[in-house]
Amino acid sequence: MIKVENLFHDYEGKKHYAVNDVSFNIEKGEIFGFLGPNGAGKSTVQNIMTGILKKQQGKVLYNNKPIEKMGKSFNNRIGVSFEQPNIYLKLTGYENLKYFGGLFNVRTEDPMKLLEKVGLKDEANKRTANYSKGMKQRLGFIRSIMNNPEILFLDEPLAGLDPNTASGIKEIIKEMKKKGVTIFLTTHNMFVADELCDRVAFINEGKIITEDNPRNLKLKYGKQSVKIETGKGDDFKTEVLFLENEEDKEKFDRIMKEKHLQTIHSQEATLEQIFIKLTGRGLV
Amino acid sequence: MIKQFLNVFIRDWLLTIRNGLLWFVLIFLLLLIIMVRFVIPEQIELTEEQYITDLTEQKQFLGFMQQKGMSESEIIADEETLDEMMSKNKNAFGIVIRDRNERTEITIKSHGEIAERNINLIKASFNSMIRMMEGRTNYSLIKFRVLRENIPIIPLNKSFIPVFLIFEIIVLGFFFIAVQVFDEKMEGSVNTYRMSPSGTINYIMSKNLVFLILGIIYGLSFILLTIGSGINYLYLFILLILGLSFMTILGLAVAVFFKNLSEWFAMGMFVMIIVMLPTFSFMYPVFAPPYITYIPSYIMIFTAREIIFPSGNESMIHMNLLILFIETIIIYFIAHILVNKKIMKAG
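Chain order of the listed sequences is A and B.
Residue numbers for the first sequence follow my numbering, beginning at 1 and rising by one.
Residue numbers for the second sequence follow my numbering, beginning at 1 and rising by one.
Chain B with its partners taken away, still in its complex shape:
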């Protein structure tokens, strides 16, 4: 049994490393590392400027803002100059304050649309400022407290590493195994395998092991060269094993229904899009409807984030790895039945 397994594994390994797609994976890995380390900055500084014109009779806003440390260059004498300054600086926005019918009118000028919530924030700021000017409140009453103070801020260039890592698992596991199965179907070499006493388990597990090895080398190199040490590599290792196994076996279970990549394309892309959906939840964590949280890649992405950028929620890692393990076992049994029926048998 072990001799047969190793034999099939060596075959799958040779077929994979002799496939041009492996170079694609290596180049992709290199590009990701370059992007994370050298192209994407750690932080994007928003250099938005503001110009303010106080046209009220008393100029009380101007005085108050100067008192609070507003730069002289931001204070503009009249509205025409403010418009002129704004036309030169497309990132700037302007604020014009004037008296109208014994009330204060504040006009905000912007080059583009401002989200409703930002408009409300600006309105609230001015209300607050007016109250302070009237002596009804002061800054000391407004407090800002971070509940999870120990969590370091994730630099922008590293924030997408969990997504890149899971994307690699999906591509390597799901897509490449399909390519290998179609090669075997096209060559007819799978016919010779089914005539041998080596069975379905060897067929599935040898392919799985090949992509596990490649995926682990890829995943560990990627994390080591971008994040470095200081994370729990044991958790990462287990996540890679389970994630790659799940996607590889799922890829096999889907590929058995098709003869070649062209036939597979629509269904393959559909499945890949579905498994990539949790990326949106990663970018916008409030977007997590139940149907997305049930997709196994959701667990993978958020477990990867907790492993790479730990917030101290180890129990979540344990639970997610257990769920992923159970899902992998289930998909294995499904794939076993399908491979047996569609690959090991004719007709």
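This is chain A alone, in the form it adopts within the complex:
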């Protein structure tokens, strides 16, 4: 379905690559997670894939057709949800959706039904400037599926949402997958990626570090990790140590000999811990 091959992007033309030889494939109906910290190159890759950033080097193919030959009608087939809601604050929720739907040349969903789906029906005729952050986020998300896209690009779709609303959005994403929509999800939230994605790729400093399904990654990198809390009273520090790693093992032994160990739990490594292990930095 989507093939990205040897993608490079250099904003300044000084060989400082924001995207450095990135390649991956996404199958139809798959949710592909793109995990990385801010500035890792996630948005640059997404912008090239959606055609709003001109490709410099490499290939982006949709069903073997290059992105540069897709034309503006390609935008009828994709849906994009941004990290920021990006809505018109002087328009009502209903007007925002009605307007956005009118931009497409394909059948679009009824705005009111979509608003109902994310619990905004009663607020449909309120100007969005008066919406809470979560309401704006829901509106921004639901807008991305208005045109029944074949490919959905979701950038941090659950950021800033309360658990209840987040759960509702996750259900809609799963529903879209069931319908055969291919989803490219960029996030630095490991739990979202773990729960929703069929496969994930870790990106750091413009390069893909590893790519697999979350379970395989955990099996591969997540053996014998322990979570320990050390310190006195409320002043404690949490650390995750991988016991296969000599350095971590020595550290673990040292901590065991000290008096300030508060708690210790063996555990399966999270995607974030694996990311830290592979890159030496966190996802945020």
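Because the hints were derived from the structure by calculation, they are not lab data.
All values derive from a computational prediction rather than experimental measurement.
Treat the hints with caution; some may be incorrect.
Computed footprint of chain B on chain A; a stretch qualifies when at least three of its residues, placed anywhere within it, have a C-beta under 8 angstroms from a C-beta of chain B [said to hold, decoys possible]: (1) 50 to 59; (2) 71 to 77; (3) 108 to 117; (4) 162 to 174.
For every residue, glycine included, the Cβ atom is placed at its ideal position computed from N, Cα and C.
Based on these hints, arrange chain B on the given structure of chain A.
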């Protein structure tokens, strides 16, 4: 295509009419109409008075001026009284005529500076008067003929209407579109637009149409309520369409380079000052160096004047509208490239 365009137009229309700036425009329009109709007079009467003292032995100047109908109140017996009268009336000027070394000396007293050309005019008047007194010439030899006799005198309160009209076009077109673009950039809503199949033409033309409608309503109401009927409204309509389109699209082409009003301010003000420069040429028509005549607003102001106060130079209107049309097409292509590069694309 039409469905998409109308959709974008409705969005831009709603965003514009829900913007507080629209009220500013309406209040400004109302103020202009009130100023033109009720505040600025049609004519300012200069009530300058003159006092004359003839201290010559023969008093021949006094006799001559009385003969020519000079008021008794303006003739003063001595210089001290003249100074006293002048000190009471700051608008007055005095003329003292006396004999000195067998020649006539004329002294003009004024409260302020008098321009060199006015001094020369006064000197010429006295020379003329002396010649008449000596019987060398008379008034019948001096003729005054207006070459364009059919042109009515433009009342003072209406004389600046063309400038006000073009100022409205500049503010509405150039400034308000920038405000709208910055709103979209700040909200991020422009990001969603670029993800849709609706393209650059719809983006530019829908905004243009919104400001065209507002500008035409504004411009026509202003002219109708100040000038009334009796002018060629078709020409005015075409001028408004071209002028507003040019300024709106220029405003868009400039706004794409900036993120917000603060960043835009210096450049925006610079462009606005440049496009307002032809106002000086309007006030002082002799001031028309080539660089000012090339500014599109120069054409706009003088075409507006010819439409509102016709002097029969229709060919000038046709030519100027054609030039404005070509300039609008050129600025559209520039704006199209810039919007495509700076708004429709990221990075």
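Tested hints:
no. : hint       : in the structure
1   : 50 to 59   : holds (count 4)
2   : 71 to 77   : holds (count 5)
3   : 108 to 117 : violated (count 0)
4   : 162 to 174 : violated (count 0)
Checked against the numbered hints listed earlier, the structure breaks hints 3 and 4; every other hint is satisfied.
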